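Going down the list, the protein sequences come from chains L and D.
According to this note's numbering, the first sequence is numbered sequentially starting from 161.
According to this note's numbering, the second sequence is numbered sequentially starting from 161.
None of these hints come from the bench; they were simulated from the model.
From a predicted model like this one, the values you see are computed outputs, not experimental measurements.
Do not rely on the hints blindly, as some may be mistaken.
Which copy is meant is left open, so a pair is good if it fits within one copy or across any two.
Stated by the list, open to error - Taking lysine to aspartate or glutamate pairs in the DMTMM-like style, the calculated list, with each CA pair at most 20 Å apart, reads:
id	residue 1	residue 2
1	K740	D796
2	K774	D709
3	K744	D178
4	K740	D793
5	K744	E756
Number of protein chains: 2
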Amino acid sequence: MVTDSAASPRGYAQPVIDVQALAQLLDGEYAEVRDLVRANLTTYADVLDEAEQLGFDEFRERVRELVVELAATGQTGMGFPEEYGGGGDIGASIAAFETLAFGDLSVLVKVGVQFGLFGGAILHLGTERHHRAYLPRLITGELMGCFAMTETGHGSNVQALGTLARYDAGSQEFVITTATDQARKDYIGNAARHAELAVVFAQLEVGGEQRGVHAFVVPVRVDGEVAPGVRIEDDGRKMGLNGVDNGRIWFDGVRVPREALLDRFAGVTPEGDYRSPIDNPDRRFFTMLGTLVQGRVSVAGGAVNASKVALAVATKYAERRRQFRAASDADEQVLLDYGMHQRRLLPLIARTYALHFAQDVVRTQLHEVFSGTGDDEHARRELEARAAGTKALGTWHATRTIQECREACGGAGYLAVNRFAALKADSDVFSTFEGDNHVLLQLVAKGLLTHHASEFENMDQLGMVRYVTGLAVETVIEKTSAHKLLERVRDLLPGGDEWDREAGLLDPEYQLAMLRFREEHMLAGVARRLKRGMDQDSDPGAVFSRVQDHVIAGAHAHVERLVLEAFADKVKEVPEGDDKVALKLLCDLFALSTIEADRAWFMEHGRLTAQRSKAIRREVTDLCRKVRPLATDLVDAWNIPPRLLRSPDLVG
Amino acid sequence: MVTDSAASPRGYAQPVIDVQALAQLLDGEYAEVRDLVRANLTTYADVLDEAEQLGFDEFRERVRELVVELAATGQTGMGFPEEYGGGGDIGASIAAFETLAFGDLSVLVKVGVQFGLFGGAILHLGTERHHRAYLPRLITGELMGCFAMTETGHGSNVQALGTLARYDAGSQEFVITTATDQARKDYIGNAARHAELAVVFAQLEVGGEQRGVHAFVVPVRVDGEVAPGVRIEDDGRKMGLNGVDNGRIWFDGVRVPREALLDRFAGVTPEGDYRSPIDNPDRRFFTMLGTLVQGRVSVAGGAVNASKVALAVATKYAERRRQFRAASDADEQVLLDYGMHQRRLLPLIARTYALHFAQDVVRTQLHEVFSGTGDDEHARRELEARAAGTKALGTWHATRTIQECREACGGAGYLAVNRFAALKADSDVFSTFEGDNHVLLQLVAKGLLTHHASEFENMDQLGMVRYVTGLAVETVIEKTSAHKLLERVRDLLPGGDEWDREAGLLDPEYQLAMLRFREEHMLAGVARRLKRGMDQDSDPGAVFSRVQDHVIAGAHAHVERLVLEAFADKVKEVPEGDDKVALKLLCDLFALSTIEADRAWFMEHGRLTAQRSKAIRREVTDLCRKVRPLATDLVDAWNIPPRLLRSPDLVG
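So that you can see chain L by itself, here it is in the shape it has in the complex (with noise of 0.2 Å):
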């Protein structure tokens, strides 16, 4: 497009975006998957009307009608395996679910309950025989499923859930059991009206012995009616995600054959010797449970797409819309001339960038993992924090940006039509759904408080709480001290002591520096104030409590400094040119606003003047400023369908 020259600041060279070649860097290597998603989106663009037009009974038979049709271009089978009907290849699949984003979401999480929570958990949990029984189906959307895990009484702490299944050696079956009304199973997507078989998570029991929680096969309807013994409620009218038909389940006595337990890590022989390839029954329970990593990396990217149409929509309308004269003989100004409305927005359009690049990050990770060729323990649990970090950043920041977003379209932003009503409403449970968000934060700083220790992995805090404040305090306090942290981050800088003072704002090095320091003086912080609370005080649940914000802040600290390193890592893969140029701008902008956003910590922590902190805000100020020019093509990069902007007075 052709800039405005007058619009930037005088004697610096504005770079010319060449969108196409930029879209193709986005793109990477799932290009071909993403342009099958999007021409089956353009295809079905009018499911956007239907969700408005449609009854709440009707819509959701369209989005399963839709889910199917889907399912027969191949876009949405692209992670099983070939010898079932699938596509073999895990990156493209978690691509083609994240471009599906551009679209109703409705459509994207039920895709995401039938391909990955329902047949991810038959394909990682189960074995051959499950594989061949369900997974041909359900590839298809043929055979509908759900997946039974959250119960009205434990949301996030799964291992604490109530319903049983016992073995009984008698007649090699077993018997799964809702025990109480807060063991029902809630908010479970393609329960209501459309599964017929479910995977349940069921405390097993055998031989009188606890084994804990496992995941068995279960009919729920048969022929199109209830099964017997199951009982299952609707949940209901939901804030947004209407499509999906979520419900309530509860067994009384359900009788399942022992093949239906999905096997791949425990099993019962007929006579009831529960068997399992791992010992430990904390490290069984988080291995069947990392196969949940893909719905959490999934999430995460269909949040940074989200985030994508919001931006695109209120971009465009900034451009145009003209609001009060610039001055007297001029036309009203287009708000995003305005300092304000690009203060409001382009900060926003760096951040999805940023994410969009740690994205790539963890996706390339899951397929390595998942296609078994950089696959041990400390890369999966390195994945599941990665998976759970970017998830909980993904999705705080569609949330954030879709609200400024239709605040910047005003009026207009309510109306149904302009996309913002749908991307709200549906987008909003991201933020609680595959795992809240601050309880994956926890899991986070667990990870990085204990390095992961295999033998710690339960959820719980009490775990952390104890092993950060026992053995290994001395070496997390060591390893973070204010002292060795310094030489750590002025290694990397050339300024000695003043490496903080001196450096270039733009420096990479230096920004990364910033975030590091912040980092890990926050997680060693925690870890001397767990050790410090324990000495005074012997109830972890209250040394916890108070430590709580810290330890969340600590693990956003770390997520934001992984989004940076793939973000600078990127720019700096990229051949020399304006378009290196113009992300280099994004980049330092993600970096300064992002340093900006907590620069009250860095001022508390002695990495911050007051001078050089409203150094850092002016540039964010001029770094906006230059981005300006470039918004339209760094939306357009995106390559949205344009069909599914909608918007027609906003985008015009």
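Keeping the supplied structure of chain L fixed, place chain D upon it in accordance with the hints.
Below, chain D alone, put in the same frame as chain L:
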């Protein structure tokens, strides 16, 4: 309620709240009308279900019916003169509106459209002839009307709107015409279905001369059919408030009699002479617009009460929901015992109380100005600024609070039955309608910088930039020079030059001095930057664009100071006792969490050391622990009718 003394820090005497007394304090002088509204809300509580169950058209009709039924109880007509069937008490009408926000917000907004905007325009812009003709029937809801100000092309910049009203002296009629498609009226509540009359804002042309924006009564429907020359289009589905029929209106040479001009501030004689008691056209315009202030005060109060509903549900849930074990041998811990959860909810409760008391102040001012007991030019300007500022802070607070509360209720918060879905979707547009929040804060800043100089009432930033950079700048800068500033705050505190270092964090004078310092320093900075910008660069648009975020931050700081003052004044007023202790805790929590949120700014400007900043963070955490046992009582004192909380599984 019985509070858990184990939860409070040692050696601290926990106050016990008298919920009944606190509720009376909060309801204040309007307890009676508030109780009437509470009773009505309970009677019609089914509307919360109907909002989900009824179809698009049916729900609109249901809301209309309900508005008429509420009108019959007298609650919606409180603000109109008794001679026409009203209650003759403007303050009471606002209190009734605020209380109505505990219920369905479509009902609230339709009441606002009918009685506040439409009825308010007839009352305040019309003269006796109009009052006699319309008030009796509009007060009962028999005559529905709409307020046709906003246009597609002009949202917040009303002075630039494009609808034309040309006076035809031959026929003694005005001819109303939508000049371009951008001049269509848009988002007009009641327009799509129910309005018979519209108050239309249009550019008046008399004898070839442009006289600026004036308001006319125009029939838009006759016997239920759209009137000739009028075209109406439905705005269709919106993110929320779907019980309100918003629409677009075009006028094609619609003729209305000379008497259709609402002529309190300007009239046209039959011969076509324009007459107005206000000579300055800008001033006339802003006097007319000043009648909008009531809408802003209403929305501010409604937003604060919508926040209360969200907080009441989330607090009750956090008191009963257990998640994860706190100690190995204990039950799982309730959410509100987690430090992070306290940090998430309790400062929001404190801010809600603060805004409640700030709303009391602005409602009282409105009442005094509009019932003539305290009406002068200065009082009006002050009221307008305060109403604009409270509306901006109150509505942003609602958006943030409802979101945080939804997330704090996890997946359950996503189910429609638990209120957040409707609260969030319906209240979202509050930050936009009745004046976009950013534009309103600019208005506040303009008033502060120009001391409400009446000759520069133009809402355009040009006027402000020129004024500030011209004559007045020296005064502004002098008044707000760092030297003078410090002198003034020093007078308040005994600490001399070290006032900000030695005062106790819980000293109300310290807290206020900090907010005053910030406000004045920011505004002085804006004045200086505007002047410097104009000295270097003659384009006021560019100058303003660069300073805009600073302008808005200054206005925000000003309003926050007013809010703190309102809260601190109220605490002083309350008789000694536990309730006073509890309110002081809450006021401290509001003040210090407000300073904490902007502690970077205070450090950058030498008013907080790193050590003291950390001390404030610790104090906020400590205050949260002290407020935690009071949380349920604090939300119960809002006296929200239990049926309106719904959320059977959350509040139990």
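Hints versus structure:
For a Cα distance limit of 20 Å, the shortest separation of K740 from D796 inside one copy, 17 Å, qualifies, whereas the shortest one across copies, 57 Å, does not. Taking the shortest Cα distances, K774 and D709 sit within 20 Å of each other only across copies (14 Å), while inside one copy they are farther apart (27 Å). Taking CA atoms no more than 20 Å apart as the test, K744 paired with D178 passes inside one copy only; the shortest distance there is 15 Å, against 59 Å between copies. Taking the shortest Cα distances, K740 and D793 sit within 20 Å of each other inside one copy (14 Å), while across copies they are farther apart (57 Å).
Proximity of K744 to E756 under the C-alpha cut-off of 20 Å is restricted to the intra-copy arrangement: shortest distance 18 Å within a copy versus 33 Å between copies.
Going through the hint list in order, the structure satisfies each hint without exception.
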